[in-house]
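Undergrad: Work out the full structure, taking the sequences as your base and the hints as a guide.
Sequences listed follow chains A and B, in order.
Using the working numbering, the first residue of the first sequence is number 304, and each one after it goes up by one.
Using the working numbering, the first residue of the second sequence is number 304, and each one after it goes up by one.
Keep in mind that the hints were calculated from the coordinates and are not lab data.
The beta-carbon is built from N, C-alpha and C at its ideal position, and this holds for glycine as well.
The reader is advised that the hints may include incorrect statements.
According to the in silico footprint, chain B covers these stretches of chain A (three or more CB under 8 Å from chain B) [as the list claims (entries may be wrong)]:
no.	segment
1	333-346
2	390-397
3	439-451
2 protein chains.
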Amino acid sequence: MALPHAIMTALLEDNMSGFELAKSFDRALGFFWRASHQQIYQELHKLGEKGYLSSETVAQQAKPSKIEYSLTDKGRQVLAEWVLGESKVQEAKDDLMVKLYNLSLDNVAHLITELERRRELVMQRLYLYERIRRRHYDDPEALPIRRKGVYLALAAGVSQGEEFLRWCDDALTMLARVEALS
Amino acid sequence: MALPHAIMTALLEDNMSGFELAKSFDRALGFFWRASHQQIYQELHKLGEKGYLSSETVAQQAKPSKIEYSLTDKGRQVLAEWVLGESKVQEAKDDLMVKLYNLSLDNVAHLITELERRRELVMQRLYLYERIRRRHYDDPEALPIRRKGVYLALAAGVSQGEEFLRWCDDALTMLARVEALS
DNA sequence: GCAAGCTATGCAAATTATTGCATTGGGCGT
DNA sequence: ACGCCCAATGCAATAATTTGCATAGCTTGC
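TA: Given below as structure tokens:
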């Protein structure tokens, strides 16, 4: 399980509260790791107890105060060691693909709709990432080393997304021909 | 959760035992849904109790006997209804990408090794899928309708895999240059 | 001054998935 | 005859994740 490490990674450069972490997991890092706010808050407590994070209550104007977490030296060390360990192969899970195995005249129309919806979602996310990449990672070779890693991860997300869109268009074309039969 | 539906989908055309299902989840369908044998056996019991599957003990020569499951009409109906429902967006999780966010001179070498290992894994799976596609799905337009869906899923897997390999090569090139600095 | 709505944090229960065994039957090698 | 490996099925405990609340501050509009 890499949730604690994903959280620590998110805190490498910016101190954040649980709420802010949850939002950032819906964005950049979330392309590779997804977590709900409940999971995050719970994990923050655990990481605090272990001494990997320190926390500080910060008052805000016009908002309730938040608890901002930052990586301790111990946390940094543990994270660095984790990186050197073995990665587990990722587990893919996708309803839509399973549903495609069930393609029939009864459900083509519905699957087309779902594919279009998914296409839209991926396109939005892709647009966001492309913007981040253009903005902050335009000249990858010039980046400091850690940022090069972030760039590569981002590039992976972008290229996977673009490939998905291409596939999606092909699939929609084929499904449209199937639908025409009914 | 789509595990029960993934299992039923796998049983659409072929009757299988839990052991065979577990293997098939390591292969074709497993590109989109992964499950351990424990999960599968347990789910098979549940699906049996609900009347979605029927089972039959089959004796084998040179092997212990197996319990072969087949979809009942009720199961088929439930599956068909499930397809018409909403799909949840997939959840991506990948250690390696999180690790890339931690890129440093201390871990480049290790990340290169891990990327190469991952590349190898993807390539093997890709090879398998390409072979299946060439063998059974060479002329997609000529396939019966359900098979067209399977073809599309397979095509998604193949194109994602190929894109990953391209990204991987770029990433390895970049990491090699980083490593040269140390 | 009250409802609606966003920020912010959290608990508890239920569901899903993983990890670590355990068992039975038979083949194969020595 | 013994140990080892593979096929096949399963249980139990733990870990991870989701679902469904609950609470509290502070703002804005009515």
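Undergrad: Looking at the structure, which of the earlier hints fail to hold?
TA: none
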